[in-house]
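S.K.: Residues per chain, in single letters:
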Amino acid sequence: MNIEIKDLRYTYPTGLEAISGISLSIKAGEQVAIVGQNGAGKTTLVRHFNGLLQPTAGSVMIGDWETKKQSVAKLASRVGYVFQNPDEQLFSKDVITEITFGPKNLGYSKEKIDSLVGRALAFTELGDRAELNPYDLPPAWRKMVALASIIAMDTPIIIFDEPTTGQDSSNINRIANVIAKLRQEGKTVITITHDIDFCAENFERVIALSKGKVLLDGPARDVLGQEKVLAQTYVDPPQLTRLGKKLGLKETVRNQEEFLKAMK
Amino acid sequence: MRERLSFYIKRDSVLHRLNPLTKLTLTMALILIAFLSPWYWTPHFILLAAVLPLSFAGRVFPEFIKTALRLILPAATFLFLMQAIFQPVGETVIFKFYFLDVTRESLMFAFRNATRIFVMVSSFTLFLLTTHPSELMSDLSRRGLPGQFAYVIISTLQILPQIQAKAQTIIAAQRSRGLDTESTFFKRAGAIVPLVGPLVFGSFIEVEERAIAIEARGFTSKNLKTSLQEIADPSFERTVRWVLILLIIISALLNLWPS
Amino acid sequence: MAFVNLKNVTYKYPLTDKPALQNINLQIKEGEFVAIVGPNGAGKSTLCYTLAGFAPHFFKGELSGTVEVAGKISNQSTLDEWVLNVGLAFQNPFNQISGAKYTVFEEIAFGLENIGIPRDEMKKRVEDAMTLTGITDLADRSPYSLSGGQQQRVALTSILVMRPKLLVLDEPTSQMDPIGTREVFGTIRKMAEEGMTVVLVEHKVEWIAEFADRVIAMHNGQVLLEGNPSEVLTSNVLIKNGFGLSRYTSAAREAKKLGIWKKEKLPVTLDEAVEGFKK
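In order, the protein sequences belong to chains A, B and C.
Its first residue numbered 86, the first sequence is counted upward by one per residue in my numbering.
Its first residue numbered 672, the second sequence is counted upward by one per residue in my numbering.
Its first residue numbered 6, the third sequence is counted upward by one per residue in my numbering.
No wet-lab data here; the hints were simulated from the structure.
Bear in mind that the values here come from a model prediction, so they are computed numbers and not experimental data.
All residues carry an ideal CB built from backbone N, CA and C; glycine is no exception.
Don't take each hint at face value.
[What the hints assert, rightly or not] Okay, the calculated beta carbon distance ranges per label pair:
hint, chain 1, residue 1, chain 2, residue 2, range
1, B, Ile-902, C, Lys-129, 16 to 22 Å
2, C, Asn-246, B, Ile-876, 26 to 32 Å
3, B, Val-685, A, Gly-100, 24 to 30 Å
4, A, Gly-100, B, Phe-716, 48 to 54 Å
[Unchecked claim] Calculated lysine to aspartate or glutamate pairs in the EDC-like style (CA-CA distance at most 16 Å, straight line):
hint, chain 1, residue 1, chain 2, residue 2
5, B, Lys-896, C, Glu-126
6, A, Lys-331, C, Asp-85
7, A, Lys-346, C, Glu-35
8, C, Lys-209, A, Glu-216
9, B, Lys-893, C, Asp-85
10, C, Lys-245, A, Asp-246
11, C, Lys-262, A, Glu-342
12, C, Lys-170, C, Glu-86
13, B, Lys-837, A, Glu-173
14, A, Lys-178, A, Asp-149
15, C, Lys-128, B, Glu-879
16, A, Lys-330, C, Asp-276
17, C, Lys-170, C, Glu-280
18, B, Lys-896, C, Glu-37
19, C, Lys-65, B, Asp-851
20, B, Lys-896, C, Asp-85
21, A, Lys-189, B, Asp-851
22, C, Lys-170, C, Glu-188
23, B, Lys-896, C, Asp-125
24, C, Lys-209, A, Asp-321
25, A, Lys-159, B, Asp-851
26, A, Lys-331, C, Glu-280
27, B, Lys-893, C, Glu-86
28, A, Lys-330, C, Glu-86
29, A, Lys-349, C, Asp-276
30, C, Lys-170, C, Glu-35
31, C, Lys-209, C, Glu-198
32, A, Lys-330, C, Glu-280
[To be verified] Every beta carbon over 12 Å from chain A, so not counted as near; a handful from chain B, in silico:
hint, residue
33, Leu-707
34, Val-773
35, Phe-795
36, Ser-812
37, Gln-845
38, Gly-868
39, Phe-875
40, Ala-882
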């Protein structure tokens, strides 16, 4: 399912213009990272994808639906959105009930719900915590529960807002695995992140926003190599990209594999 | 995103410049006199001759009227109807509503009580709109109110807009999970737990962390607190406060006077 | 005489069986910048709360051993005295806003009001602290209207303005953009050079190597390893126990197997990596 954004503008009721003319198209099955400084408009942009915000001007199409004409509850069947702070959505007595909430809202059959919940638990490695109360888990794991509760909705498009904040390296690896599995299933994954190394290792396409506009958009390799332009939106290139540049490698390398290959 | 999580609006006006305690006394006086004075037209008079002009003096009339109407008009209307219909006083029937008689007396009675409520909420709104919360806190604690107590009052005054902002995020998160909060009544009623749950559970964490954060900033320090704002309290304001208190007492006495 | 001295410190939260900290021994010199690393649940935050006096004064629970900061013993002090020496800022910035203040400027002054700093000095100190952390342009905004990253800067400034002798920071930049994070670490580094002792919990290893004097690696409530960043952050012990490594370290580790990295010691920072990979 494709996302088409045309001349999008958004102004908050306070008069602050957060999105100042963005046009984008994201194809089904793409893995896209959105980067940029605090206040660049990242969250404001993705909140348009599931109708939480309505354009001040321009339009957002999710497949054949224009977001303006659909309710958020309806768009939820196409776009899943994992919020940054899990404590703003968890309410159930145990993890499994929490994860069941989304698919149930979408009206799936019982068999389908069971299999989706099982899949989400397996993806996030929450299986042995399924019976616990989410609020008895440490914050980092509450975040995994929030993630699982959206994956279980089996939407063609999934948005993650800063999934790696406060996570240690094993949980970051778990999240990377989840994204890889979603990619295999052909889902579109859109992630807002400040973790540029995580971005380089897990995403094919990177969009850099600055002051409500698209600063750079393209294959990760092209975008992440542009140190000077990225600095305008307070982003550094990934560690190994910087290292490659300093060592005078001809190609921009994004991750360990590419780096080692180029060094041979 | 909301710019302000408090009712207060920063403007330069006579009302803004008054000492917070004077404003608090004035608010209490308007409310108490409206309720205590035996003269029928007192609440209406206070509303038109005091509260409304004060909102102009405070240069917050548009915000004042918006907040006041949204907050109280529904409640005051409800109260008016209930009392007008069910108050069994008077004989001058104006019209019949099924088996209920609406009399001139019950209408008058209801009208006054509705106005009293209006005076109460609108004076308080005006107070919040023109009083800087931390000035009020500093002034009250300077006058000997324990710091913790003052903090509880002030953070409670700010808590409504905070909860509102938090609730908006929670609603957004749950709607993103397919929760229907827009259609039928039954669907909306079923949406209560997912909306209230995070608000309550989340607030346990929030309260603990906030307690740590303010404690780390010397909240329970035994040192004498100081204040960032210089809060003027000229002697004439003290006189004004005493006059207001006197007026309250007179209204109370007149109310008790056997007529 | 160490400025921070932890001797055989074991701490258990109320209603739990397993201690969150087990037999911690730790000395920190005045003006030292110490970073703490470790997986989630290793006891990093509990160590922060212990240094800042909240364990046990706020959480209750059982503390054994001695926690000494600036010549005072935690168990023999009250929390309100303790926080005059030790400042604490933590991850979630929203919950650190006092809720009683209308602008960022007032929010930062809140702590100084509490401890009774005279008005003129207060204003000066707030202005200085805001300049230091680069938030002077936020002075008149409501703390609630800011982005997560900006709120984190306000939370940090609110504690810096108190001028604690020991500054304890638990992931203070998790919501900041990368260049913002670097600015803040630079500020903290500067504070340390001026004599403030700093303890910082951080997942981003490459920053630690660049800014901290010493690293403490925690695991299961215990200190697994401590020493200078370039040694600790490349040690095999960390790798075996599932700690995060800097990309330079992991890449060089693989390169070593392929014979591309020839040095014995692995790099942590960009400069070390450039130097080692150059032919």
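S.K.: For every hint, state whether the structure bears it out.
M.R.: For each hint, the structure was consulted:
no.: 1; hint: Ile-902(B) / Lys-129(C): 16 to 22 Å; verdict: 20 Å, holds
no.: 2; hint: Asn-246(C) / Ile-876(B): 26 to 32 Å; verdict: 29 Å, holds
no.: 3; hint: Val-685(B) / Gly-100(A): 24 to 30 Å; verdict: 28 Å, holds
no.: 4; hint: Gly-100(A) / Phe-716(B): 48 to 54 Å; verdict: 39 Å, violated
no.: 5; hint: Lys-896(B) / Glu-126(C); verdict: 14 Å, holds
no.: 6; hint: Lys-331(A) / Asp-85(C); verdict: 50 Å, violated
no.: 7; hint: Lys-346(A) / Glu-35(C); verdict: 46 Å, violated
no.: 8; hint: Lys-209(C) / Glu-216(A); verdict: 32 Å, violated
no.: 9; hint: Lys-893(B) / Asp-85(C); verdict: 8 Å, holds
no.: 10; hint: Lys-245(C) / Asp-246(A); verdict: 31 Å, violated
no.: 11; hint: Lys-262(C) / Glu-342(A); verdict: 13 Å, holds
no.: 12; hint: Lys-170(C) / Glu-86(C); verdict: 13 Å, holds
no.: 13; hint: Lys-837(B) / Glu-173(A); verdict: 8 Å, holds
no.: 14; hint: Lys-178(A) / Asp-149(A); verdict: 37 Å, violated
no.: 15; hint: Lys-128(C) / Glu-879(B); verdict: 29 Å, violated
no.: 16; hint: Lys-330(A) / Asp-276(C); verdict: 12 Å, holds
no.: 17; hint: Lys-170(C) / Glu-280(C); verdict: 37 Å, violated
no.: 18; hint: Lys-896(B) / Glu-37(C); verdict: 32 Å, violated
no.: 19; hint: Lys-65(C) / Asp-851(B); verdict: 43 Å, violated
no.: 20; hint: Lys-896(B) / Asp-85(C); verdict: 13 Å, holds
no.: 21; hint: Lys-189(A) / Asp-851(B); verdict: 12 Å, holds
no.: 22; hint: Lys-170(C) / Glu-188(C); verdict: 21 Å, violated
no.: 23; hint: Lys-896(B) / Asp-125(C); verdict: 14 Å, holds
no.: 24; hint: Lys-209(C) / Asp-321(A); verdict: 14 Å, holds
no.: 25; hint: Lys-159(A) / Asp-851(B); verdict: 8 Å, holds
no.: 26; hint: Lys-331(A) / Glu-280(C); verdict: 10 Å, holds
no.: 27; hint: Lys-893(B) / Glu-86(C); verdict: 9 Å, holds
no.: 28; hint: Lys-330(A) / Glu-86(C); verdict: 52 Å, violated
no.: 29; hint: Lys-349(A) / Asp-276(C); verdict: 20 Å, violated
no.: 30; hint: Lys-170(C) / Glu-35(C); verdict: 8 Å, holds
no.: 31; hint: Lys-209(C) / Glu-198(C); verdict: 21 Å, violated
no.: 32; hint: Lys-330(A) / Glu-280(C); verdict: 13 Å, holds
no.: 33; hint: Leu-707; verdict: 41 Å, holds
no.: 34; hint: Val-773; verdict: 43 Å, holds
no.: 35; hint: Phe-795; verdict: 25 Å, holds
no.: 36; hint: Ser-812; verdict: 32 Å, holds
no.: 37; hint: Gln-845; verdict: 6 Å, violated
no.: 38; hint: Gly-868; verdict: 3 Å, violated
no.: 39; hint: Phe-875; verdict: 8 Å, violated
no.: 40; hint: Ala-882; verdict: 16 Å, holds
In this structure, the hints that do not hold are numbers 4, 6, 7, 8, 10, 14, 15, 17, 18, 19, 22, 28, 29, 31, 37, 38, 39, in rising order.
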